[in-house]
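For the protein sequence lines, the chains are F and X, in the order given. Taking numbering that gives the first Met the number 0, I'd label the letters of the first sequence as residues 0 to 266. Taking numbering that gives the first Met the number 0, I'd label the letters of the second sequence as residues 0 to 140.
Label-pair distances were calculated between CB atoms; the ranges are: (1) F:151 with X:50: 36 to 44 Å; (2) X:42 with F:236: 36 to 44 Å; (3) X:87 with F:153: 38 to 46 Å.
Calculated directly from the structure, the hints in this document are not laboratory data. Being a predicted model, the structure only gives us computed values, none of them experimental. All C-beta atoms in this analysis are idealised placements derived from N, C-alpha and C, irrespective of residue type, glycine included.
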Amino acid sequence: MPIDPNESPSRRVLAIVPAYNEAGSIAAVCRELAEHLPHVDVLVVDDGSTDGTHRHVPSTARCVRLPFNLGIGIAVQTGYRYAFEHGYDMAMQIDADGQHPPEHAAALIHALAESGADLVIGSRFLDDTPGNYRPPAGRMMGIVILRRVIRWLGGAAVTDCTSGFRVAGRRAIRCFAHWYPDDYPEPEVVLLLSRNGMAVVEAPIVMTDREHGETSIPFHRGVFYVLKVSFALALDTFRKPWPDPLLKPDPSPPASPADPAASETTP
Amino acid sequence: MTPLPPSTLAILDQLIHHWPRTLILLLVGLTLIGLTLRSLRKQRLNERYVLLFVLTGIPLIGVAIWPDAVVFLERVLSIEKATMLTLGVTVYFLLTTFALLSIVSVQERRIQTLAQLVAMMREEREGSGDGTDQPPAGDAD
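The following block holds chain F by itself, in its conformation from the complex (with noise of 0.2 Å):
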């Protein structure tokens, strides 16, 4: 079935584009993402880059330049900071190394509307299309013992825990505009928004090997990234992130976000 979210614009949707340091290929997945998604807003966080990333925005999409960089956790957050903050019913993550195309994007929000779920993640392992991108062995093994801590912790059974191709709805915005683990955000969002009885769901996509930049996390440091984030995730099912107010279905927010006292959660 042909999927064209722009066939019903009503809904805003904002795709988050974070990135650091990809001047080489920041201008050709907005100028994607506007000719797949018109009716969708881009917006490209700029976290910090010294290499004038920002230049390379296009008119088409807006650019928070971020003072210096934060890590992507936070890059991410003031996506959805900013989402919050001008009402989009949407979010989109997408990341702006080019390995995910912009094509597939549509595939995810039709996703969330049609699942009512208040976050949908990419998956890549849903997808047998020959050639799509599969992670080396060593980072495959890392991913399924994070997917089975998540599980095992009383997270969403999810197969692609660290896809940052993702679409998240109102709700999830509110809360991530309230707080967002910064640390090592893509596993721990899918336990952390579990665990808080908000619904992860997956659609299947096709992802490309990394046009330009470098990789966040190194192959070499595969294994102590895996412990990491396991006693990371272990730590989270302590935390109380989102206030009750910001987790019903449909709240008016008790405080906003871009207020610095309101975003601080004691976990």
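Let chain F serve as the given structure and place chain X on it in line with the hints.
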């Protein structure tokens, strides 16, 4: 059998016979507390940090007045002096580190939030991307 605390006379006797040690410890303790309170008055140190240093200075003054307090505690707790001192110093540094890391964590969150707000306000002021797909000559961030 529980050891009895020494009498006032015994403590005075020790103060007189070991006055250089008493003087040094008193000076260090009082200087620490004095500097801390002075910094507080001049708003160079927040109250939450002052507590850490005052709690460090008070035991020093206590030991200056009653040097054998450590020996007394050794007998009461049945822990060797060296072990007790090591434990005490370790616990003190752990608590201090914990307090400071808690403060740093809160400040880190605040700085992150502030940076996000600054970035979003700058975006609103300057508008969207500059419309050039190619960097200008001499691009350097």
